[in-house]
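J.: Once you've looked at the hints, dock chains A, P and Y against the given chain D.
Number of protein chains: 4
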Amino acid sequence: MSTTSELYAVADFCLIPIGTGTSSVAEEIAECQRVLEKSGLKYKLHGYGTNLEGPWSQVSQTIHDCHAAVHAKGAARIATDIRIGTRIDRPDILPGEGNDHKVQRVQEILAKDKA
Amino acid sequence: MSTTSELYAVADFCLIPIGTGTSSVAEEIAECQRVLEKSGLKYKLHGYGTNLEGPWSQVSQTIHDCHAAVHAKGAARIATDIRIGTRIDRPDILPGEGNDHKVQRVQEILAKDKA
Amino acid sequence: MSTTSELYAVADFCLIPIGTGTSSVAEEIAECQRVLEKSGLKYKLHGYGTNLEGPWSQVSQTIHDCHAAVHAKGAARIATDIRIGTRIDRPDILPGEGNDHKVQRVQEILAKDKA
Amino acid sequence: MSTTSELYAVADFCLIPIGTGTSSVAEEIAECQRVLEKSGLKYKLHGYGTNLEGPWSQVSQTIHDCHAAVHAKGAARIATDIRIGTRIDRPDILPGEGNDHKVQRVQEILAKDKA
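Protein chains in written order, with numbering that gives the first Met the number 0: chain D, 0 to 114; chain A, 0 to 114; chain P, 0 to 114; chain Y, 0 to 114.
Read the hints as simulated data drawn from the structure, not as lab findings.
Note that the structure is predicted; figures quoted are calculated from it, not measured.
Keep in mind that the hints are not guaranteed to be accurate.
It does not matter which identical chain is used: a pair holds within one copy or between any two.
As the list claims (entries may be wrong) - Restricting the straight-line Cα-Cα distance to at most 30 Å, the calculated cross-link-like pairs of lysine-lysine (DSSO-like) are:
1. K72 <-> K37
2. K113 <-> K43
3. K37 <-> K111
4. K111 <-> K43
Only chain D is shown next, with the shape it has when bound in the complex:
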């Protein structure tokens, strides 16, 4: 496989500003949501991070731009945890449907428990 053929990435990230002097991180996470909105990528905020997916380099660039935006708001240092997955066996999963597809599959299995 050539490394020039870009993989599609289904991801999730949790960004933490360091040294801001306040224990609240909501302003910084809101700023990330603005960057995500502009990115054109599919994303969804949850209680401990944000689901995000798209071509690998766009996912990476968008998280980079979140760092840049949060630095611009005053955070001297930032630490982010990213979970990122790729697969080559399911070309049938449509772009933008990676994370939703996973939730749906689990819910289908659990629905049978109740049936």
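T.: Chains A, P and Y only, in chain D's frame:
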């Protein structure tokens, strides 16, 4: 602070079975949801993990029990990524509301952008 | 498998104090190393976290105690990323040798490249 | 801050192949080390991941290429956990010294305990 006083943990985890011979992980994640349901803790599945919160030792024990249940289903090896947070400045945030509170705060800030 | 039979955990964690007003985290990480030293568990600091292994509940309790100690030093909020793995297929790997064993296996494979 | 000015990233990643039919991951991690060696970036394997640092896009591209290489070896699906940090307050930390600098700072503090 005494280390015997247990901290309340707001967490998120993503469990991955290894060596199962299939690229699908939905059955294993569904099994974890069953363990979570029995735990009595508040939890919520999303596209790349599950939000979970409660007293630190119960959160930890519940994730342990997910490992045990997924091993029992045949996975020889499991790797999990856990994000876990504690804070001592907001005793007003009610148990079970930690992750929801974070999402709500960000949404309040973003709502002002549109106002 | 009974969930009362405790799993052995091979782990790694990265703790981040929030709202300390300084972008340095070295004092807090040093405090964690002191907690780890007292824990009796095998651990090893690296550039972006600390390897740690032992019975699951002891690993969890030790990371909890790192949070408690860092809160005691003044951090109002802490976020930690934990990678934790269990396996039931290699009872021959000795306690305390889980992380070292993984590095060794990779180095053995790479050594053959040069041979 | 312009998002076109690229941030320097100090990172760590742990890659897990899924559905390979074996609980061993050493061959895949060895393959990643070969990719890292070719990348020209500074990296260091530890028990639960690999430290890596460089310009953000190169760090990201290198982890992408690890995925591509592990897919090429037969893994249908891969999940990776990345810890990635940036800071704008320490331009004096030399490229390639980010992770080592962190360990050194902690060791200096602990050395005073013994003094």
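J.: Hint by hint, note whether the structure agrees.
T.: Okay, the hints, checked on the actual structure:
| no. | hint | verdict |
| --- | --- | --- |
| 1 | K72 <-> K37 | within (17 Å within a copy, 36 Å between copies) |
| 2 | K113 <-> K43 | both (28 Å within a copy, 18 Å between copies) |
| 3 | K37 <-> K111 | between (39 Å within a copy, 17 Å between copies) |
| 4 | K111 <-> K43 | both (27 Å within a copy, 19 Å between copies) |
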